[in-house]
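Colleague: The residues making up each chain are set out below.
Number of protein chains: 2
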Amino acid sequence: MKVTPSISLFPILGIPLITPQDDLALVITKCAQKIGLELKDGILVVAQKVISKAEDRLVSMSKVTPSEKAREIAREDEKDPRHMEVVLQESEAIVRHGNRVLITETRHGFVCANAGVDLSNAPGEDIAVLLPLNPDESANQLRKGLEELGGQRLAVVITDTFGRPWREGLVDVAIGSSGIAPIDDFRGQTDLAGRELVVTTAATVDQLAAAAGMLMQKDSGIPAVWVTGVPVTGEGCVADLIRNPSEDLFR
Amino acid sequence: MKVTPSISLFPILGIPLITPQDDLALVITKCAQKIGLELKDGILVVAQKVISKAEDRLVSMSKVTPSEKAREIAREDEKDPRHMEVVLQESEAIVRHGNRVLITETRHGFVCANAGVDLSNAPGEDIAVLLPLNPDESANQLRKGLEELGGQRLAVVITDTFGRPWREGLVDVAIGSSGIAPIDDFRGQTDLAGRELVVTTAATVDQLAAAAGMLMQKDSGIPAVWVTGVPVTGEGCVADLIRNPSEDLFR
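From first to last, the protein sequence lines stand for chains A and B.
For the first sequence, my numbering assigns the number 253 to the initial residue and increments by one for each residue that follows.
For the second sequence, my numbering assigns the number 253 to the initial residue and increments by one for each residue that follows.
It cannot be assumed that every hint is accurate.
Residues of chain A clear of chain B, computed beta-carbon distances all greater than 10 Å [said to hold, decoys possible]:
| # | residue |
| --- | --- |
| 1 | LEU289 |
| 2 | GLU399 |
| 3 | THR456 |
Selected chain A positions facing chain B (in silico; Cβ < 8 Å) [as the list claims (entries may be wrong)]:
| # | residue |
| --- | --- |
| 4 | SER258 |
| 5 | LEU310 |
| 6 | SER314 |
| 7 | THR317 |
| 8 | ARG352 |
| 9 | ALA463 |
| 10 | ALA491 |
| 11 | ARG495 |
| 12 | ASP500 |
Some chain B residues near chain A, calculated using beta-carbon distances under 7 Å [as the list claims (entries may be wrong)]:
| # | residue |
| --- | --- |
| 13 | PRO257 |
| 14 | PRO263 |
| 15 | LEU265 |
| 16 | CYS283 |
| 17 | LEU289 |
| 18 | LEU340 |
| 19 | GLU342 |
| 20 | SER343 |
| 21 | ILE346 |
| 22 | ARG348 |
| 23 | ALA463 |
| 24 | MET466 |
| 25 | GLY488 |
| 26 | ALA491 |
| 27 | ARG495 |
| 28 | LEU501 |
For the record, the hints were derived by calculation from the structure and aren't laboratory data.
Owing to the predicted nature of the structure, the values given are computational and were not obtained by experimental measurement.
Here a beta-carbon is modelled for each residue, glycine too, at the ideal position from N, C-alpha and C.
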């Protein structure tokens, strides 16, 4: 007896290293077709780095002049002062600094290490890769592009790999989304015993990000995963799930 | 053309409400068989509440006498003082308290709301469900039980639904595991450009928890999910991924 899975994750194989000259929707559609995947009724989860490269969110480190603050952090943490300068430029605020880790709040409101500015897997030793300027809009544009190429009833989730307080290890989270409600809200529904569920709100886009992350680990060369079996419904984007700083206990 | 997914998630349907009299491994094995699932070469992800009920980690609220501290928190947060008393008893320390949210550190070292003590879906209005005493050992026992009933090369991950700083919405995380490395460590490997990956360590058990959480949401009545396509390798347990408090920037 063959059992049909409820949720399936398909790695989209064969995606080449992306440059600003590439039409990402076209590249992904072609690679999906090549492995027999139809981009209908599912969610495309894409790693941030691919989006950032397509959008030319790259900074040549040789053109960066580190500030005194960047030099100070770099000295303390044994990091590249130019890298730290780019991190500071991408940050609204430093949230924590210690143990050679710099946690900042990005302009989008994300709280993460190094403002998401990454040197690994960058297209050249001297290049820093920044987060997309507006990842929700990036997701929206990619979704539209995929739909123009035949995709139907699909959502797009853009992910990055974040650390967490209190736990070692990294897990992918959503930084942009389009075509799916970021949070599945159960408030007002009842539990199995008939009691009202007060605060059960599942962060669907982050669940999708973490799940797809299992196929997107850095040595895999797989920057996009197709997920089926999760309802593609609702509206909103990742910006909607950033907690209001005034209600945040960990700023 | 039918494409084979890399990772598949199968909800284990038909699991009844669990009591301390139930043999959980037997119940799960039978329900899996009924839907044609063989528990071989995969990971069983189980919701904490099922484990807690099987282990009788239940407290009758009518027998709880709230301390002055519990009354104070309950007054401020408009909560049940007996519930708050159980939370305090299950906590090593209060990490944050504000906005009607009580974040504590449990005896296991987890940092979460209300020490994981839950009233919803409990088997009776007056019952609080506590976290398992040793969720890693619970996972280990369940894995052994499943193997005795014919399961092969399987891992077990026990999950609970936690909130996160900075982001609205809940995501399941692992609180216990057995038979799989909790963290997939890429340190020392190289990225696609040949640079050494310094800190890329994926928290595999938390990725599995979040993925399975998509099928375990509170109104679904599905407390167990079978995941295939993720390598069942390595050793260790969830206790290994609790960050050392002295290295934690968010205590």
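Colleague: A closest beta-carbon separation below 8 Å is what the hint needs, so does A:ARG495 meet it against chain B?
Modeller: Holds: closest Cβ of chain B sits about 5 Å from A:ARG495, inside 8 Å.
Colleague: Grab the minimum C-beta distance from B:SER343 to chain A and call the hint holds if it beats 7 Å, violated otherwise.
Modeller: violated (14 Å)
Colleague: Against chain A, is B:PRO257 within 7 Å by beta-carbon distance?
Modeller: Since the shortest Cβ distance to chain A is 4 Å, the answer is holds.
Colleague: Tell me if the interface restraint on B:LEU289 is satisfied: Cβ within less than 7 Å of some Cβ in chain A.
Modeller: holds (6 Å)
Colleague: B:ARG348 was flagged as interface toward chain A. Is the shortest Cβ-Cβ separation under 7 Å?
Modeller: The hint holds - B:ARG348 has a Cβ within 7 Å of chain A, the shortest such distance being about 4 Å.
Colleague: Does the nearest C-beta of chain A fall within a distance shorter than 7 Å of the C-beta of B:ILE346?
Modeller: At about 11 Å, which exceeds the 7 Å cut-off, the nearest Cβ of chain A leaves the hint on B:ILE346 violated.
Colleague: A:ALA491 was flagged as interface toward chain B. Is the shortest Cβ-Cβ separation under 8 Å?
Modeller: violated (11 Å)
Colleague: The hint names B:LEU340 as touching chain A; please verify it with the least Cβ-Cβ distance against 7 Å.
Modeller: violated (18 Å)
Colleague: Does the interface hint hold: is A:ARG352 within less than 8 Å of chain B, judged Cβ to Cβ?
Modeller: Not OK, violated: A:ARG352 not within 8 Å of chain B, min 10 Å.
Colleague: A:GLU399 clear of chain B by more than 10 Å, beta carbon to beta carbon?
Modeller: Consistent with the label, A:GLU399 stays out of reach of chain B, its closest Cβ about 21 Å off (over 10 Å).
Colleague: Let's test the interface hint: is any C-beta of chain B closer than 8 Å to that of A:SER258?
Modeller: For A:SER258, the interface hint holds, since the closest Cβ of chain B sits about 5 Å away, which is under 8 Å.
Colleague: Taking the least C-beta to C-beta distance, is B:LEU265 closer than 7 Å to chain A?
Modeller: Not OK, violated: B:LEU265 not within 7 Å of chain A, min 10 Å.
Checked against the numbered hints given earlier, the structure breaks hints 1, 3, 5, 6, 7, 8, 10, 15, 16, 18, 19, 20, 21, 25, 26 and satisfies all the rest.
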